[in-house]
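Residue strings, one per chain:
Number of protein chains: 6
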Amino acid sequence: MTEATRTKLTNVSVATLATALYKRGLRNQVIQGVHPVAPKGRNMVGPAFTLRYMPAREDRNELSVFRNPDHPQRVAIETCPEGHVLVMDSRKDARAASAGDILITRLMVRGGAGVVSDGGFRDAATIGGLEIPAYHSRPSSPTNLVLHEAIDINVPIGCGDVAVFPGDVVVGDDDCVIVIPAHMADEVADEAVEMTAYEDFVTEQVKGGETIIGLYPRTKDEHLASFEAWRAKNGR
Amino acid sequence: MTEATRTKLTNVSVATLATALYKRGLRNQVIQGVHPVAPKGRNMVGPAFTLRYMPAREDRNELSVFRNPDHPQRVAIETCPEGHVLVMDSRKDARAASAGDILITRLMVRGGAGVVSDGGFRDAATIGGLEIPAYHSRPSSPTNLVLHEAIDINVPIGCGDVAVFPGDVVVGDDDCVIVIPAHMADEVADEAVEMTAYEDFVTEQVKGGETIIGLYPRTKDEHLASFEAWRAKNGR
Amino acid sequence: MTEATRTKLTNVSVATLATALYKRGLRNQVIQGVHPVAPKGRNMVGPAFTLRYMPAREDRNELSVFRNPDHPQRVAIETCPEGHVLVMDSRKDARAASAGDILITRLMVRGGAGVVSDGGFRDAATIGGLEIPAYHSRPSSPTNLVLHEAIDINVPIGCGDVAVFPGDVVVGDDDCVIVIPAHMADEVADEAVEMTAYEDFVTEQVKGGETIIGLYPRTKDEHLASFEAWRAKNGR
Amino acid sequence: MTEATRTKLTNVSVATLATALYKRGLRNQVIQGVHPVAPKGRNMVGPAFTLRYMPAREDRNELSVFRNPDHPQRVAIETCPEGHVLVMDSRKDARAASAGDILITRLMVRGGAGVVSDGGFRDAATIGGLEIPAYHSRPSSPTNLVLHEAIDINVPIGCGDVAVFPGDVVVGDDDCVIVIPAHMADEVADEAVEMTAYEDFVTEQVKGGETIIGLYPRTKDEHLASFEAWRAKNGR
Amino acid sequence: MTEATRTKLTNVSVATLATALYKRGLRNQVIQGVHPVAPKGRNMVGPAFTLRYMPAREDRNELSVFRNPDHPQRVAIETCPEGHVLVMDSRKDARAASAGDILITRLMVRGGAGVVSDGGFRDAATIGGLEIPAYHSRPSSPTNLVLHEAIDINVPIGCGDVAVFPGDVVVGDDDCVIVIPAHMADEVADEAVEMTAYEDFVTEQVKGGETIIGLYPRTKDEHLASFEAWRAKNGR
Amino acid sequence: MTEATRTKLTNVSVATLATALYKRGLRNQVIQGVHPVAPKGRNMVGPAFTLRYMPAREDRNELSVFRNPDHPQRVAIETCPEGHVLVMDSRKDARAASAGDILITRLMVRGGAGVVSDGGFRDAATIGGLEIPAYHSRPSSPTNLVLHEAIDINVPIGCGDVAVFPGDVVVGDDDCVIVIPAHMADEVADEAVEMTAYEDFVTEQVKGGETIIGLYPRTKDEHLASFEAWRAKNGR
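Protein chains in written order, with numbering that gives the first Met the number 0: chain A, 0 to 235; chain B, 0 to 235; chain C, 0 to 235; chain D, 0 to 235; chain E, 0 to 235; chain F, 0 to 235.
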């Protein structure tokens, strides 16, 4: 992902991106059932670095396993590249935590761009207060060892019923999180910027009393000229 | 619905209305699973204008369908009468959006009193910032075309497992939304105002240390006099 | 529960307590599916006083039943001992209310330490504004009579899939609620205070750039000395 | 319950009983989510004897607890009166068993009229082969100790979202199970027998080509005479 | 639908049809969550005639409503054209019945080709014994009046999350039910017959020890000749 | 797994094995939500060979992918070792198939001991008629490409919320499927055989009128002698 693309994706909504992907035949890229731990008022953007959890078996998941420096959960936190989003496949099960504030703080300090789990975080109130954007299903205080064993790092996973491949571009806003296949990120970002300009124009028109018929989507010629004028005026 | 009834319904809670309907044998009028996109601190009140979604079939729901000025979703937004609440039957499925900020803005500008979906809205953070009250299940960024085809306007529908007939009176507060059958709206509004007066009196008493036994509901005669005095004093 | 234990439990997180219980073989003490009606920024702590709801049968649950001074819901509110947490088994069904603002206000005035239901409260917006901590699944305006009949006071119950025995110690923070078996409350509180000290130290280290490997959990000797120094310095 | 009533209830369907109860304002007496472990082709009928499970806490539910002769699960099996139906409140959770074949065999030998759980039975294939009717949600092999602690015998419970009071009359056919409040069992049985006669007449008419309009329910006078003739001819 | 198409659809599986539709971009035509009340060992085939249920409101759904000869549920049964499949939108809610044995018997006598509900049937054991194929979610004894009000006949509906338009061709086998858009029924039937021939050939080969690689799907030329020989030999 | 262990596991129930594992601290080894496609009246036994599905992305899952001889689903079928059970992680999603009859037939011909998916099979009626035991959640006709992409072979997976490692011993009976960690299979098989002998003895006693108290579990000395006599007599 280029810096230009990252910047573009910072300024468009997940809804707009979802429509851009829908045009390309991808109907199912919004991670279902997750929301911001706390809204940040700005987008999370970064390539996906993944962690896969499987169900925990009691004899393999005593508290002592965390003493192992190679435990995949810990390694994921310590190796997630700067600017990447750590995406966790928690099998949509928030009855135990995917991670807690100490790990997410460490991820933030290391330069992580964000974290997403289709389970839940413990210490969620604290995580919500951190700078790093975090998305989950709901707060969940039990240690992950109760239900989840971290088993694989940076393999293809599912998260909230969406396919996530390492390197896919992950974007989150105050509503949702979307996964853009790596090979189409640039093109989708470009289109989303264009769409956003038009949507902003439309919103202004609608607030001024214009009907949506013929305007959104544009089927009347008259709006083409107005939009061009608006772009010129607003430098977009 | 008279303006007097609208005013009364603006000043009572959905909980109180639910009890008033329960007394009349209606146990199931609170829309399940919806909440305010953002709390407004005031009630939404208006007759229902409905939109029915059915499952979307791919060949009937390409992006181009919105170019049709007669698309029912667009028409619903453009024809919902002033002062009405647009209620959408999204089959309790929030995996794709019921509508987005541009349409809801248009509905607001046109004088809509509010909007309710048992699915989810895209651009929910933006919608939450609008003046118009909106209720849904959760933010959902994918375009409705992925799952929902708007098929009927102003027919009887289900919303959150509640029957909604066009013209039924819809009231929402910061907790929930309730549907009052049109023919009993006046009578229920009257009763709810009375109940609210008594509940406000009770709350004051309870805060002052009174037990609820005999007071709520009132079975002790002594509270009758106090309540009458309270009403006189508070002009209610 | 001693006052010392209460104080300790006021200053630790539910996540930490969950881990302390996990060490003792208890994996399932966090009440699933409940959250604060409104975050209080402080812990709820108190022994459990319980109320059991069963499904409501129509002929036993007309509105008049509340005129009975011995109705178990009312009695629970009026007899819950000071400093206790009222825990309601609502069978995880929030389609009707577990209680409303008047009853919760009365509980608060009587000195209740908090209230938890695995269903939902009506008048939730009002309850959220009260001093008393309250936890539920979601706002629910219908009267409990629609679905729930209060049947037993202070018997062992389930709440959010967790066993709750009268007298068990209930702790809630801004994320979750946990149930500590009465006989181990002192010991668990002690351990949680110790763990919290270390976690606070770790958070400080991690914010300063330290890796979690060897630090959390501590396997490197060097951190032992730093921690002891930190404790001395911070008086913990 | 008289023997006459038991006999009547043996020869009517749960559907017919549900309608008879609906006429009396009871809408919710059919236990949701249970079915026969194996269809018996005959009705289960008997007064309810109840067992309440709560969530299991690990330290109270080691395998050794079954050595206690007073363990409520075992006591329920050994004290359920002859001709009664043992109804278990398993909180609709079939992830662990409510009971297994040995206990159900013992219940059968002791004269139990049947067993119902809103969880699942282990050894279900074996239980299905026993003479005693059994109803559950699905086979479930894990011991109940994993999730369920038997805590109360013969108290009011919920089963499949239905209120069950000890002594209520429980009837199961090859579709479903219904709970008839004890005080109305005789009257409901009488009415159901009458309804069944008419339904059998209707079925015969419909198979012969008659329209249901005017016949079911009967609004045309002509069907009254035919029905009376049919009753006389069939001795019903 | 021509008789030729009907015959073809009688001899192919729903799985094969699902793949044929998938090739045409339709991914979601199999009705989710329904199965045969009793397997028939033969396909149900017919154009859809639809019935839409909405949530029932108590004051509109007393038992007496069935005395109305224009009640939509009754009218649907009496007007569904011969050879058609009656498809009911029961909002995936099987807590009350969609219909019972008397109505389904009448539908059968009138020549209905089958019946599908995404809710449940009462008298299911009896319905399972009828000649007419019926599909539902599970047996459900309560009268539909408890939850469902029949409101519309032969409008577009959802059934098990699938779009069903009147006239769409509905096919059910012992596994599932699929909805084929009317305009592509002939073409899909043709293709499915071809696919079935090849699948039958493949099954025979695989039973004889052949690997699926290169055979299913066919990528090796050698299988083309064998298949042609097989067709000639088996007259397909 | 030795042949002796396989034989032992063929003659014990999943319920007995679940209890044997519970004694060793493993509470969660029974795969939740699966049942036999058709009961076989005999156990499925074999080491696990696994296949992991992830959510399908449209552009990676066109029908042509099956032409690739290296497609993981096909490879899994063709490489699962003789005597092994193929266990599929379908993320508990049965909206599309995990496999169909041709692949399962091929697996059977190759000597597979069985197949388990926590999703559903297409052509389930046919699969149920095959010799090979198969377990799933429900029949599901849509091709797997709609929802599932086969991504990994023989890695640790979750199936029905249970951890499955390649080589773990999988046992299925007519109720459920259980996963025994490889390293304890022999010991658990031995214990289960012993337990089964005692349970068979108990069943005989209970059918003869013996109370379960003191017998199951055995706490009375007298039953020890009877059991030993029974063993001698029955050669067990």
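Because the hints were derived from the structure by calculation, they are not lab data.
Treat the hints with care, as some may be off.
Cross-link-like lysine-lysine pairs, in silico, DSS-like; alpha carbons within 30 Å at most [what the hints assert, rightly or not]:
#1 E:K91 to D:K91
#2 B:K39 to A:K39
#3 E:K91 to F:K7
#4 A:K206 to B:K22
#5 E:K39 to F:K91
#6 B:K39 to B:K7
#7 B:K91 to F:K91
#8 F:K206 to E:K39
#9 A:K22 to A:K232
#10 D:K39 to D:K219
#11 C:K91 to E:K91
#12 D:K39 to F:K39
#13 B:K91 to C:K232
#14 D:K39 to F:K219
#15 F:K22 to E:K206
#16 E:K206 to D:K206
#17 D:K219 to D:K91
#18 A:K22 to A:K91
#19 C:K219 to C:K232
#20 D:K91 to F:K7
#21 F:K206 to F:K7
#22 B:K219 to B:K22
#23 B:K22 to B:K39
#24 A:K91 to F:K206
#25 F:K91 to F:K232
#26 C:K39 to B:K206
#27 C:K7 to C:K39
#28 E:K206 to D:K39
#29 C:K232 to B:K39
#30 C:K232 to A:K91
As the structure is a computational prediction, the values presented were derived from the model and not from experiment.
These are the hints, each one checked on the structure:
1. At most 30 Å may separate the alpha-carbon atoms for a hinted pair to count; K91 (chain E) and K91 (chain D) meet this at roughly 19 Å.
2. For the given pair, K39 (chain B) sits about 21 Å from K39 (chain A) by alpha-carbon distance, which is consistent with the 30 Å threshold.
3. For the given pair, K91 (chain E) sits about 44 Å from K7 (chain F) by alpha-carbon distance, which is inconsistent with the 30 Å threshold.
4. Proximity of K206 (chain A) to K22 (chain B) is assessed by CA-CA distance (about 43 Å); at most 30 Å being required, the pair is judged violated.
5. Proposed proximity of K39 (chain E) and K91 (chain F) is supported: the alpha carbons are some 28 Å apart, at most 30 Å.
6. The suggested pairing of K39 (chain B) with K7 (chain B) holds, with an alpha-carbon distance near 17 Å, which does not exceed 30 Å.
7. At most 30 Å may separate the alpha-carbon atoms for a hinted pair to count; K91 (chain B) and K91 (chain F) meet this at roughly 21 Å.
8. Taken as a hint, the K206 (chain F) and K39 (chain E) pair is broken in the structure, with Cα atoms around 38 Å apart against an allowance of 30 Å.
9. Pair hint K22 (chain A) plus K232 (chain A) holds up; C-alpha atoms about 29 Å apart against a cutoff of 30 Å.
10. Restraint check for K39 (chain D) and K219 (chain D): not satisfied, since their Cα atoms lie roughly 37 Å apart, outside the 30 Å limit.
11. As the CA atoms of K91 (chain C) and K91 (chain E) are separated by approximately 21 Å, the hinted pair is consistent with the 30 Å bound.
12. Annotation: proposed proximity of K39 (chain D) to K39 (chain F) holds, straight-line Cα distance about 21 Å (limit 30 Å).
13. Our distance criterion of 30 Å between C-alpha atoms is broken by K91 (chain B) and K232 (chain C), whose separation comes to about 56 Å.
14. For the suggested pair K39 (chain D) and K219 (chain F), the alpha carbons sit about 36 Å apart, so the restraint of at most 30 Å is broken.
15. As the CA atoms of K22 (chain F) and K206 (chain E) are separated by approximately 43 Å, the hinted pair breaks the 30 Å bound.
16. For the given pair, K206 (chain E) sits about 45 Å from K206 (chain D) by alpha-carbon distance, which is inconsistent with the 30 Å threshold.
17. In summary, the hint linking K219 (chain D) to K91 (chain D) is not supported, as the alpha carbons are separated by about 45 Å, beyond the 30 Å threshold.
18. The hinted pair formed by K22 (chain A) and K91 (chain A) meets the criterion: a straight-line CA distance of about 28 Å does not exceed 30 Å.
19. Only pairs whose Cα atoms come within 30 Å are accepted, and K219 (chain C) paired with K232 (chain C) is accepted, the gap being roughly 21 Å.
20. Using a Cα cut-off of 30 Å, the hinted pair K91 (chain D) and K7 (chain F) is violated, with the two alpha carbons roughly 34 Å apart.
21. About 25 Å separates the Cα atoms of K206 (chain F) and K7 (chain F), which keeps this hinted pair within 30 Å; it holds.
22. At most 30 Å may separate the alpha-carbon atoms for a hinted pair to count; K219 (chain B) and K22 (chain B) meet this at roughly 21 Å.
23. A distance of roughly 28 Å separates the Cα atoms of K22 (chain B) and K39 (chain B); the hinted pair therefore holds under the 30 Å criterion.
24. For the hint pairing K91 (chain A) with K206 (chain F), the CA-to-CA distance comes to about 46 Å; that exceeds 30 Å, so the pair is violated.
25. Taking the CA atoms of K91 (chain F) and K232 (chain F), the gap is about 47 Å. The hint is violated against a cut of 30 Å.
26. About 20 Å separates the Cα atoms of K39 (chain C) and K206 (chain B), which keeps this hinted pair within 30 Å; it holds.
27. Note on K7 (chain C) and K39 (chain C): the hinted pairing holds, with a Cα-Cα distance of about 18 Å set against a maximum of 30 Å.
28. Straight-line distance between C-alpha atoms of K206 (chain E) and K39 (chain D) comes to about 38 Å, which puts the hinted pair past the 30 Å bound.
29. Under the criterion of a C-alpha separation no larger than 30 Å, the hint pairing K232 (chain C) with K39 (chain B) is inconsistent with the structure, at around 48 Å.
30. A threshold of 30 Å between alpha carbons decides the hint, and for K232 (chain C) with K91 (chain A) the separation of about 43 Å lies outside it, so the pair is violated.
Of the numbered hints given earlier, the model fails hints 3, 4, 8, 10, 13, 14, 15, 16, 17, 20, 24, 25, 28, 29 and 30; all others are met.
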